[in-house]
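Asker: Got two chains here, each in a separate frame; can you build the complex from them with the hints?
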Amino acid sequence: MAKKKTFIEDIERTLYDIKNEDRPVYKTKQGLTEEIIRDISAKKHDPDWMLAFRLHSLDVYNHTPLPVWGPDLSELDMDRIVTYVKPDAKMAGRWEDVPEDIKDTFDRLGIPEAEKTSLAGVGAQYDSEVVYHSIQESLTRQGVIYTDMETALVEHEDLVREYFMKLVPPKDHKFVALHGAVWSGGSFVYVPAGVQVKIPLQSYFRLNSPGAGQFEHTLIIVEKGASLHFIEGCSAPKYNVTNLHAGCVELYVKEGARLRYSTIENWSRNMMNLNTKRALVEKDGLIEWVSGSFGSHVSMLYPCSILHGENARCEFTGVTFAGHGQHLDTGATVVHAAPHTSANINTRTISKDGGIAVYRSAVKVAPGADHAKCSVNCESLMLDDRSRSDTLPVMDIQGDEADIGHEARIGRISDEAVYYLTTRGISEDEARAMIVRGFVEPIAKALPLEYAVEMNNLINIELEGAMG
Amino acid sequence: MAAEVVKEEVYSTIPMRTWRWLGVNEARVASSILAAAQERRIRVPAGEKHTVVLVYRDELAAHVQAELAAGAELQLIKVQLAEDGVRRADTIEVQCSEGAKLSYTAVEAGAGVSTTKLLVALNGDKSEADVAALYFGDRKRRIDMNYIIRQAGRDTRANMQIHGALAGESDKIFRGTLDFIRGAKGSTGREKEEVVLLSPKVRNRSVPLMLSGEDDVDGHHAVSVGRMDENKLYYLMSRGLNLSEAERLVVEAALAPVLVRIPDAQLAAEVREHIEGRLSHV
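Chains as they are written, first to last, in numbering that gives the first Met the number 0: chain X, 0 to 467; chain B, 0 to 281.
Hints were generated in silico from the structure; no laboratory data involved.
When the alpha-carbon atoms are kept at most 20 Å apart in a straight line, the in silico SDA-like pairs for lysine to any residue are as follows:
#1 K184/B x I355/X
#2 K184/B x R411/X
#3 K372/X x S198/B
#4 K200/B x A336/X
#5 K170/X x W18/B
#6 K191/B x N345/X
#7 K85/X x T150/X
#8 K184/B x E415/X
#9 K6/B x R86/B
#10 K372/X x S223/B
#11 K200/B x P366/X
#12 K43/X x K85/X
#13 K200/B x D369/X
#14 K372/X x M227/B
#15 K139/B x P366/X
#16 K191/B x N376/X
#17 K191/B x E406/X
#18 K191/B x S374/X
#19 K372/X x P199/B
#20 K184/B x A416/X
#21 K372/X x D228/B
#22 K372/X x K191/B
#23 K184/B x G353/X
Note that the structure is predicted; figures quoted are calculated from it, not measured.
The following block holds chain B by itself, in its conformation from the complex (with noise of 0.2 Å):
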């Protein structure tokens, strides 16, 4: 019997495309999945401080946007824990007006195939985007991320600060991009991303982009991918841990700082064992 033909189409794509043999210029997503998009609207009043939390953990895709007027914060997060085989894909755009505030986070531990973009605008003069995500991969797990903050306002803030683990024969792309439209004077812009590699067998494409059609800006970005650092190990080791577990603490560690983020307490709780009980196959 022949395959079945999944139609796809092109989901996201980095603002600078590069060579193709890297495979990262764009992420594809079955058109089946994209019709199927729940459609989520917030709207953050002037000067209104708002928390939304978007867990997700079934085959869905979802397309949240967010606008935060002038002065307005909000605090999104997003958790994403669906089962092995699940296919999802998730858009969140926000648009940031004067002086508006964005604190994301985002957990990417579940779903087979999990493809995800974060589009952030800061338009607004001194508008800011706080971005922390977290990824786990393990299996065969498929993990594709594209996120762009395009920093127009006058001094705006972007920071984007992602911490990852791969582990069995995951896959992941991550691309960020910090965009400097002209006339961003005195913004800055921050990304990092940390990567710990745990299985010979995974396969890891790190993106980091930076675009500046503006002088008066302050951009930088750095990426750090590897082992776990040998020196914690023997540390814990000293201490009585066996390796597996030397190991299972460093990851739950370099995690930490984005779950220290999420303020439901029982669904820090849900995803703390969720990645441990992963982390004890690994």
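Only chain X is shown next, with the shape it has when bound in the complex (with noise of 0.2 Å):
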């Protein structure tokens, strides 16, 4: 007998897909020079420092090459993206305030609904530059700082120089260089020590000009004994001409601090999303990292955790969704770099319609950091036989003191499971769904109730889809 299958609608898209008239201020030209980065830094009347930074980055973004593993960037043509789109609003602190067109768009993904429901602080990013910022007046009373990153480098100036582009330098690939190079927008946030901000922050980044990259930086500090939980969203509407995302994000998280940080990332099928994100984490600290991976043509996003403190700690948990004509190469690095450290990695992934799911990771070891913890799980769901699902985890240990353990499935909907189900009264179609939300439950477990809704929502899973 022909084994079945589950048919998994693809991702619905139709919300994130609605395209506002391109209509900035002021865009860059095309493409990646010296003229075009000393404009943009004119525009956002930069510091003289910050100059400096940019045009260096350039110099080592045009002196180093593409990375020679992954998937394949030939399509991405720098001459052809504009690097810098500043649209027709100003940065606003009442919503009442932004521009039309794109409330109705921020309206749309629900975020001041979130705003007013579930969060403490909302920025909203419009191409290149936020449109949008606001903060519980309570928090900054404890001197909790949230607010776009220009505005940071004006007020902040000190604080920004100081981490700025620290824990991530230029040099680590070519697309943080570029990001160095041409960053705009993006989130601030400094929590004091021993403040818990209880409600969680959220930006959300719109990608709306076609053939335009998004550059936003995200750093955050969370000083000893402080809480924060920061959500970040993404999306934009489709395009038949390539858009790139290289944004960047650095998370501090200070002795005996911890910091959740949830993505829910859906960009159009056009983008190519080169992300960074890494965090450091001192004595006692720890991070959480909540990451969903459902759109881009091209994804490659391994956020980082630099366990450097004694008895640091890591939480790792990841979902990627691959579908038709998508390349998504995910997963998670840790560096144990201080004894008593301990990393917890927990991945999904789902490849269907042809749809590549690559699940990569690192695990180092230094030598010194004795005692150091692992452990990774990851396990990859193949729904036909056109996808593919790879698992490439690396683990690299120096020293006797550690105790590292990793494990990874890789398979298709279990036959045995779907007879046991329908035993007991369930459908096949239904059973069938119930196990590909069983699978993906560790993750949307670890989201806000919200979010995990709308991850289900991406998924859609027909649960009287045809089986094929």
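Answerer: This is how it looks when you write it as structure tokens:
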């Protein structure tokens, strides 16, 4: 008897694909030259050191080759990418002041509603600039800073200068160098020592302009004993030209601090998502990553945790869903650089309809990081034989006091499990759908409720789908 | 006097590259070693069962190619016990036709620098590969292993069990790939590496790859890296063994599943003595 397959509906994108007219007040020319960098810097009123930093990054970019591993990036032609698009909107502190069409976009995405019900602060970026930022007054009174990077550069220049691209230096790889040269927008968060931010902050990044790049920079500093949950969302309408996202996230988790960083990424299928995220975790600190990768044409994303202080911890929970035309190369890296550090990586990948899902990771235990513990579990589900699923973890352990375990599985929906459920009176379609939902459940559980719902909507399992 | 420049070439690569900073994408070997490779061909006719034992004790490279016809079975044992200063590079390639079965056992316990690759192609339906390897690193030994089992036929079975212990300042890379090719319906693959770390100066790199272009497969890999189980040591010491005797016994027990696969009792005893002798200096 031929084996049946569950038909899983592709991600419903209608909501995200609504385009606004592209009417920026300013756009750079296509490509990447010193003239363009100077132009961006002047338009943004950068201090001199930032212009020098941008030019240095451009030089690094020009001398750094493309990675020789990972997805094919040959379709990316930087001569055709517009690196800076200033929307026709000024940064607003009141939602009513945001231009109508931009406001409508974020309304449809549910951002202002979420702000009212479940967030302590919101940032909204449209193309290259942040158009709205808010934070609850009670947090401001406690010294919490949540603002766009440009404002931070003016009002908290010393802090920005101390931390900006120190954790992710431009020489790391080509797209970080690109980011250093053309970065614009993003969020700056500073949580003073001992302050517990109990309700999450959220930044939402929307790229509307066709053929453009988005290079937002997120810099978060959680001081000693403080805590924060930060949520990042991203989407874009689909165009028939390549868009590029090369953001950079730098997270500083100080002694005894906790930071949860959740992302639901749903870029359109013409997007190349070459994003870099890194956290430096000090003594007794905790970084928790929750990462959902659903969109983009090509993704390369491996959030990195450097466990720098004794007892520093990392929890990484990720799900990747690669559908038709997608090559999503995702995973995580952990560096154990101090004794008694621990990490737990738990991921799920699904591939269907010709999609390629790759889990790639690195666990490094440096000499002297005695009693480091790391547990990695990755599971891959393939829904047809036109898709691919690859797992490529690397463990590099120096010293003899580590305890490292890695486990991975790959396969399809088990006929036995379907059979078992059908014997309990559940229809075959529902049984298969239940198994897929159960497969991603560990990730859904780690998300705030409203984002778990969004993830379920994204996956949009067709309960009565055709078998084929 | 200027140092002699040794010309090297890429000897093996993992099927899918990754970050360069981890140094695991490829192994390089001196061209002079590869040029001196001893060629050996093994053909097992349909339905026959052969056993071949390869013992390497000197500084040379070996290139072994085996073809298993339909229903053929090959028990291939490779033991490498070369002296410390020796550099070796060994390639084993095995093609399996329908219903063919490969049992491969490897002991990598010698040579200063040992680089090996194993390529098994399960081309035929219902073909099987059962691979068990043991490595032991001590002093400044460098061990580089790249094992790839490619499952192309339907209902193929692959099993890769690797046991190792690292002492002294040894440095080892093990790359193990299970590659399910589209069309390998009903196939299963298992890979497991267990590494015991015995010294603060060792470096262990483990790279278990699992690649799949076929959904109707069942693949699983696992790696476990750590110190010796303290409960086992405690138990043995409570029975009167001192720490070093207890450690030796635990390592020997960890390597035993591979040693029992060596059919030649004299050779198995030699390997055991070789490792025990080295363990006594750890």
